[in-house]
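Throw the hints in and build the complete structure from the sequences for me.
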Amino acid sequence: MSESVHHRAPLVAIVDDEQDIVTYLRLALEDQGYRVLTVTESSTALERLAAVEPDVVCLDLLMPKHTGVALYAEIIRHPDLAGCPVLIMSGLTPKEDLPKLLEEAGGLPQPACFMEKPIRVEQFIEALSELLRTAEGATT
Amino acid sequence: MSAVTQLEDVRARIFDEIPSGVVLVDPSLTIIDHNRAFADLFGEARGSSCHAATKGRRSPCSSCPALETFSDGHQRVIEQQGKDSNGREVHYLVQITPIMGTDNRPEYVAAITTDLTATRRLQREYKTLFEQVPCFVAVINRDHRVVKGNELFRKTFGEPTGEHCYRLYKRRREPCQKCPVDRTFADGLSHASRQMGMARDGRPTPYLVFTAPLLADDGEVTHVIEMALDMTAHEDLEQKLSRATVLRQALVESSLDAIVVFDEKQKVLLVNQAAEDLLGCPLDEMIGRPAPKRLIPKALYPVLKGRENQVLLHETAVTNFAGERIPVRIAAVALEVDGKFGGAALIAQDLRELKRLELEKMEAERLAAVGQTVAGLAHGIKNILTGLEGGMYVTSSGLKRGDEGRVHQGWEMLERNMGRISDLARSLLAFSRGEALTCREISPADVVNDVVELYRDGASQQGIELSADVDDGVAPAWMDPEALHSCLANLVSNAVDACLVSGNSGCRVEVRVREGDGVLVFEVVDTGCGMDYEVKQKAFTSFFTTKERGGTGLGLLLTRKIVQQHGGSILLETEQGEGTTFRLEFPRDRLPKPETEEE
Chain A
1 MSESVHHRAP LVAIVDDEQD IVTYLRLALE DQGYRVLTVT ESSTALERLA
51 AVEPDVVCLD LLMPKHTGVA LYAEIIRHPD LAGCPVLIMS GLTPKEDLPK
101 LLEEAGGLPQ PACFMEKPIR VEQFIEALSE LLRTAEGATT
Chain B
141 MSAVTQLEDV RARIFDEIPS GVVLVDPSLT IIDHNRAFAD LFGEARGSSC
191 HAATKGRRSP CSSCPALETF SDGHQRVIEQ QGKDSNGREV HYLVQITPIM
241 GTDNRPEYVA AITTDLTATR RLQREYKTLF EQVPCFVAVI NRDHRVVKGN
291 ELFRKTFGEP TGEHCYRLYK RRREPCQKCP VDRTFADGLS HASRQMGMAR
341 DGRPTPYLVF TAPLLADDGE VTHVIEMALD MTAHEDLEQK LSRATVLRQA
391 LVESSLDAIV VFDEKQKVLL VNQAAEDLLG CPLDEMIGRP APKRLIPKAL
441 YPVLKGRENQ VLLHETAVTN FAGERIPVRI AAVALEVDGK FGGAALIAQD
491 LRELKRLELE KMEAERLAAV GQTVAGLAHG IKNILTGLEG GMYVTSSGLK
541 RGDEGRVHQG WEMLERNMGR ISDLARSLLA FSRGEALTCR EISPADVVND
591 VVELYRDGAS QQGIELSADV DDGVAPAWMD PEALHSCLAN LVSNAVDACL
641 VSGNSGCRVE VRVREGDGVL VFEVVDTGCG MDYEVKQKAF TSFFTTKERG
691 GTGLGLLLTR KIVQQHGGSI LLETEQGEGT TFRLEFPRDR LPKPETEEE
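So the sequence lines, in the order shown, correspond to chains A and B. If you read the first sequence in the numbering used here, its first letter stands for residue 1, the second for the next number, and so on. If you read the second sequence in the numbering used here, its first letter stands for residue 141, the second for the next number, and so on.
Be aware that a few hints might be false.
Claimed, not checked - Quick partial rundown of chain B residues pointing at chain A, CB under 7 Å, derived from the structure:
no., residue
1, R447
2, V451
3, G527
4, E529
5, G530
Said to hold, decoys possible - Calculated from the model, a selection of chain B residues having no Cβ within reach of chain A, i.e. all distances over 10 Å:
no., residue
6, M338
7, I521
8, M553
As the list claims (entries may be wrong) - Partial chain A-side listing against chain B, Cβ under 8 Å, derived:
no., residue
9, E18
10, D20
11, Y24
12, L37
13, L46
14, L62
15, L87
16, G91
17, I119
18, R120
Since the hints were derived computationally from the structure, they do not count as laboratory data. By construction, the Cβ of each residue, glycine as well, lies at the ideal position given by its N, Cα and C atoms.
Here it is in C-alpha cells:
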C-alpha cells in the first residue's frame with residue numbers, strides 16, 4: 001500500500017436493499033471518519049465495487065433479484081476485489097443458516113466477518129476496525 | 141222285393157260299408173271281390189292277384205298266409221307291410237278266414253285288413269322320444285334289473301345286460317332304502333324324487349328321478365320306466381346363485397356406505413347397518429315405511445319416482461333422526477324389475493370423518509407453513525430492528541449535534557420501522573388465527589370488478605393498464621366476499637409490483653373470471669418481471685418477500701389459505717421476464733354449502 005493511501009480514511013462499501021439500514025450505517029461510519037460507498041441495487045453492485053476497490057465490503061445476504069450469496073461469490077472471485085475483506089450482515093443465524101447457504105452456493109469460504117442483525121453501532125465499528133487492522137497487517 | 145232278396149241287399153251294404161277292408165280271394169290268389177274300404181286303400185282290384193294289388197308284386201309272397209289257409213283251412217292273423225294305390229308304404233293287420241266249399245276244403249279265403257300305418261308312425265315317434273330324450277330312461281323289472289335303456293343310458297352305461305339299477309346308478313351292492321321303483325311297483329303310481337348317485341368317474345351326481353308304471357293287459361305292473369335327470373349343472377348354478385346372493389347380502393351388510401333401497405312407492409325395502417348408524421333409527425322401524433323427507437335431498441326425488449335413472453351429489457347434507465346435519469356424498473340409482481321401474485337405491489357416504497381429516501390437514505398445512513417460516517419471520521424482524529436501531533442512532537446523534545435535520549431523519553426511520561412491525565404483526569395474526577369464512581351468495585364478477593376499480597387509478601398513475609375480463613355467464617356462488625376480495629386484491633397488488641420491478645413500459649394486468657366443467661376460475665395475469673425458479677419455489681412456503689419497499693411475505697400464504705377454505709386450489713404459472721399468472725380454481729361442488737340448501 002502506498003504512503004499517500006495511508007493518510008486517506010478507509011473506504012467502506014455498504015450493500016443492502018433496506019434504505020434505512022444503509023442510511024444508518026453510512027451516518028455511523030461517517031461519524032467515525034470513514035469514507036462510505038452505499039449500494040442498494042444489488043444487480044449493479046459488483047460493477048460499482050470493482051470500480052472503487054473498497055477497503056472492506058459490508059454485504060446483506062437476502063436481497064431481491066441478485067442475492068447477497070451470489071454477490072459474495074462474485075466478489076471473492078473478482079480479480080480487482082481479491083483480498084478485500086467481506087463483512088456479511090444478516091438476520092440469519094451464523095451457526096446454522098450461514099454454513100448451509102455457503103454450502104448450497106457451491107462451498108463458498110467463510111466471510112472475514114459475520115454480524116447478525118440487528119446491528120449495534122459500537123459492535124459494528126469495533127468489528128470493522130478489527131477487520132481493517134487485520135487486513136492492513138496482512139498487506140504490510 | 142222278397143225277404144230273401146231284401147236280406148241279400150242288406151248283406152251287400154254291410155260288406156261295402158264296414159270300415160275295415162274286406163277282400164275275397166280264390167285259390168289262384170285272384171281277387172274275386174272286395175269292399176269299398178279295401179278299394180279306398182289299395183284301389184279297384186277285382187280280377188288282380190292279391191300280391192299285385194296290396195304289394196305291387198308279380199309273384200306270390202314267399203310265405204303267403206292266404207295260401208297257408210287254403211292249405212290247412214285255419215284262420216290266421218298277421219301283420220303285413222304293403223303299398224297303397226299311390227305307392228306309399230302301409231302297415232296293416234290281416235285276419236284271414238277260410239270259406240269252406242262243399243268238399244270241406246277252403247273254396248275261398250276272406251281277408252279283413254285293418255290299417256295300422258298311423259299307429260306304427262306313433263310308435264316310431266314314441267321310440268324316438270324314448271331314445272332321444274336328454275336324460276337316462278330305463279325300463280326296470282321287479283328284480284331291479286334294467287331290461288332296456290335309451291340312447292343316453294347306453295352311451296353312459298353300455299348296452300343293458302340285466303344289471304341292477306342300484307349298481308349302475310349308485311354302485312351299491314343292494315337295493316336302496318327308499319327305492320322309487322319299489323314305490324311305483326307297490327302303488328302303481330308315478331313318483332318323483334331327488335337321488336344322489338355316482339357318475340362313472342366316481343363323481344357324486346345328483347339326479348331328479350321320475351318313475352312310472354308299465355302295465356300288462358290285466359293291469360298288473362310288470363315293469364317300471366325310470367327317468368333320471370342329471371342335476372349337476374343345475375345344482376352348480378343354484379350353488380353359484382346362492383353364493384352370489386350370500387355375497388351380495390354380506391357386501392350390503394358390511395358396506396361402510398349407508399344403503400337404503402326403496403320400492404316403487406318410496407317405501408323402505410332394505411336398510412343396512414351403516415344406514416342405521418348414519419340415520420340413527422333402528423332398522424325394523426324403517427322397513428315398510430316411507431322414508432322421512434328430511435333424510436332425502438330434494439334432488440334425488442326424480443330417481444325415487446322413476447323419472448331419472450341416476451343422480452350423484454358429490455357433497456350435500458342430510459338430517460338424521462336426532463336432527464343432526466350430516467355431510468354426505470350420496471347417489472340414487474333407479475332399479476329396473478322386469479323392464480319396469482321397480483324402486484331405487486340410495487348409497488350415502490358419511491363425510492364427517494373425511495371433513496374432520498380435511499380440516500386437520502388444512503390446519504396441519506397451516507401450522508407447517510408457520511413452522512417453516514419462523515426463521516424467515518425472525519429474519520424480517522431483525523431487519524426491522526436494525527432499522528429501529530438505526531433510527532435511534534440517527535435521532536440521538538442528531539440531538540447531540542443539535543442537527544435538526546438529522547433528528548427529523550432519525551424520527552422518520554423510527555416511524556417507518558414501527559409501522560412495518562405493526563403490519564407484520566397484523567398479517568401474522570390474521571394468518572395464524574384461522575378465521576372462519578362468512579359466506580353468502582355473491583356475484584363473482586362483481587368482486588372482480590370491485591378489485592379492478594379499487595386499483596385501476598393507482599396502477600394507471602404508474603403506467604400500468606389494469607382491466608377486468610368477466611364472463612357474463614358466471615352464476616352466483618356461495619363464498620366469503622371479503623375474503624375473496626382480499627385474495628384478488630393481494631394478487632393484483634403483487635402483479636402491479638411485478639410490473640414495476642420489470643421496468644418495462646406498457647405493462648398490463650388483467651383480472652379474469654370464467655366458469656367451465658363446474659369449476660369457477662379466477663385469474664390474475666400480468667406481463668411483469670415473472671419469477672425465476674428459486675422465487676417460484678419459495679412463493680407459497682415462507683415469509684419470503686421480494687418487495688424492495690418491504691412486504692410481509694404473508695400475502696400469498698393468506699391467499700392460499702382462503703382459497704383452500706373455499707375448497708379451491710391456487711396455481712402459479714410464471715416465466716422470468718415474461719410475466720405471471722395466478723389461477724384460483726373453485727370446483728362448485730366443493731364450495732361451502734348454505735345450511736338450509738337441502739331442506
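State the violated hints by number, sorted upward, taking the hints as numbered earlier in the document.
-> 1, 2, 7, 8, 12, 13, 15
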